[in-house]
Amino acid sequence: AQSVTQLDSHVSVSEGTPVLLRCNYSSSYSPSLFWYVQHPNKGLQLLLKYTSAATLVKGINGFEAEFKKSETSFHLTKPSAHMSDAAEYFCVVTPNSGYSTLTFGKGTMLLVSP
Amino acid sequence: GEEVAQTPKHLVRGEGQKAKLYCAPIKGHSYVFWYQQVLKNEFKFLISFQNENVFDETGMPKERFSAKCLPNSPCSLEIQATKLEDSAVYFCASSPTSGSNTGELFFGEGSRLTVL
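Protein chains in written order, with the working numbering: chain P, 4 to 117; chain W, 355 to 470.
If you are wondering where the hints come from, they were derived from the structure by calculation, not from laboratory data. Check each hint, because a few of them may be wrong.
As the list claims (entries may be wrong) - Calculated lysine-lysine pairs in the DSS-like style (CA-CA distance at most 30 Å, straight line):
(1) P/LYS52 <-> W/LYS363
(2) P/LYS71 <-> W/LYS416
(3) W/LYS372 <-> P/LYS52
(4) W/LYS372 <-> P/LYS72
(5) W/LYS398 <-> P/LYS109
(6) W/LYS416 <-> W/LYS437
(7) P/LYS72 <-> P/LYS109
(8) P/LYS71 <-> W/LYS372
As the list claims (entries may be wrong) - Here are a few chain W residues that face chain P, going by a calculated C-beta distance under 7 Å:
(9) TYR376
(10) PHE397
(11) GLU417
(12) PHE419
(13) GLU458
(14) GLY462
(15) GLY464
(16) THR468
What the hints assert, rightly or not - Not close to chain W: a few residues of chain P, all C-beta gaps over 10 Å, as computed:
(17) PRO21
(18) LYS71
(19) SER83
(20) GLY110
None of these values were measured; they are calculated from a predicted model. Every residue, glycine too, gets a C-beta built ideally from N, C-alpha and C.
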């Protein structure tokens, strides 16, 4: 069994300040973890993924995430927010071997103010 | 094509009517997945295909929902006799592999179904 908890439904930051979106997971197996972004009325776009290689993962648009097994966390960060980062972000988990469907978190809305 | 194409973008049906959604996966991708997003943020897996064969249908409601992926045609998701709770955004995704754990799913922009 697996589950994902996104700890904040909304996060508000000012442009140019750091972003932290929190994600904790639970998995009976070694997990693969993903962050997807969804802009309004758009599909999901993959930001980054962890699949049992390096624990610090760099993604697109300056985002990165660190897999911490001891804390069962996979928080998403960015040093400096941009207005275009405003969107819904989903943390996703799946076992890292074999076939399984994705388990989504409930999403965090990132609001960026000028 | 280079993107997953879903049609229609919006569909409104009266309760009890049929709804049919379409998805053209990225060319060369063998796997197609359907997800239902209800209450804005809850994603539920419905079904996946490997080419025209059902790969995993553990998420499909046993009644009223059906899906197909036929050669040289868009994949489809059909809901017979829609109910209010079917109102959701239906996302299609495609992948070159079955391993969502190793690969990336490429999502379409979704089809919003509203049942009145």
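We went through each hint and held it up to the structure:
The suggested pairing of P/LYS52 with W/LYS363 holds, with an alpha-carbon distance near 28 Å, which does not exceed 30 Å. Between P/LYS71 and W/LYS416, the direct Cα distance comes to roughly 39 Å. Violation of the 30 Å bound is thereby established for this hinted pair. About 38 Å separates the Cα atoms of W/LYS372 and P/LYS52, which puts this hinted pair outside 30 Å; it is violated. About 46 Å separates the Cα atoms of W/LYS372 and P/LYS72, which puts this hinted pair outside 30 Å; it is violated.
Our distance criterion of 30 Å between C-alpha atoms is met by W/LYS398 and P/LYS109, whose separation comes to about 11 Å. Between W/LYS416 and W/LYS437 the alpha-carbon distance is near 14 Å, which keeps this suggested pair within the 30 Å criterion. With a C-alpha separation of about 21 Å, the suggested pairing of P/LYS72 with P/LYS109 holds against the 30 Å cut-off. For the suggested pair P/LYS71 and W/LYS372, the alpha carbons sit about 47 Å apart, so the restraint of at most 30 Å is broken.
Residue-level restraint check for W/TYR376 is violated (minimum Cβ-Cβ distance to chain P is 15 Å; threshold 7 Å). The criterion of a C-beta within 7 Å of any C-beta in chain P is met by W/PHE397, whose closest approach is roughly 4 Å, and the hint holds. The criterion of a C-beta within 7 Å of any C-beta in chain P is not met by W/GLU417, whose closest approach is roughly 21 Å, and the hint is violated. Using the Cβ-Cβ criterion of 7 Å, the hint placing W/PHE419 at the interface with chain P is not satisfied: the shortest such distance is roughly 16 Å.
The criterion of a C-beta within 7 Å of any C-beta in chain P is met by W/GLU458, whose closest approach is roughly 5 Å, and the hint holds. Checking W/GLY462 against chain P: minimum C-beta separation of about 5 Å stays under 7 Å; hint holds. Satisfaction of the interface hint for W/GLY464 is found here, the shortest Cβ-Cβ separation to chain P being roughly 6 Å, below the 7 Å cut-off. Residue-level restraint check for W/THR468 is violated (minimum Cβ-Cβ distance to chain P is 14 Å; threshold 7 Å).
Its beta-carbon lying about 24 Å from the closest one in chain W, P/PRO21 satisfies the requirement of being farther than 10 Å from that chain. The non-interface label for P/LYS71 is consistent with chain W: the shortest C-beta to C-beta separation is roughly 19 Å, beyond 10 Å. The claim that P/SER83 is not at the interface with chain W holds, since no C-beta of that chain comes within 10 Å of its own (minimum 26 Å). The Cβ of P/GLY110 does not lie farther than 10 Å from every Cβ of chain W; its closest approach is about 4 Å, which violates its non-interface assignment.
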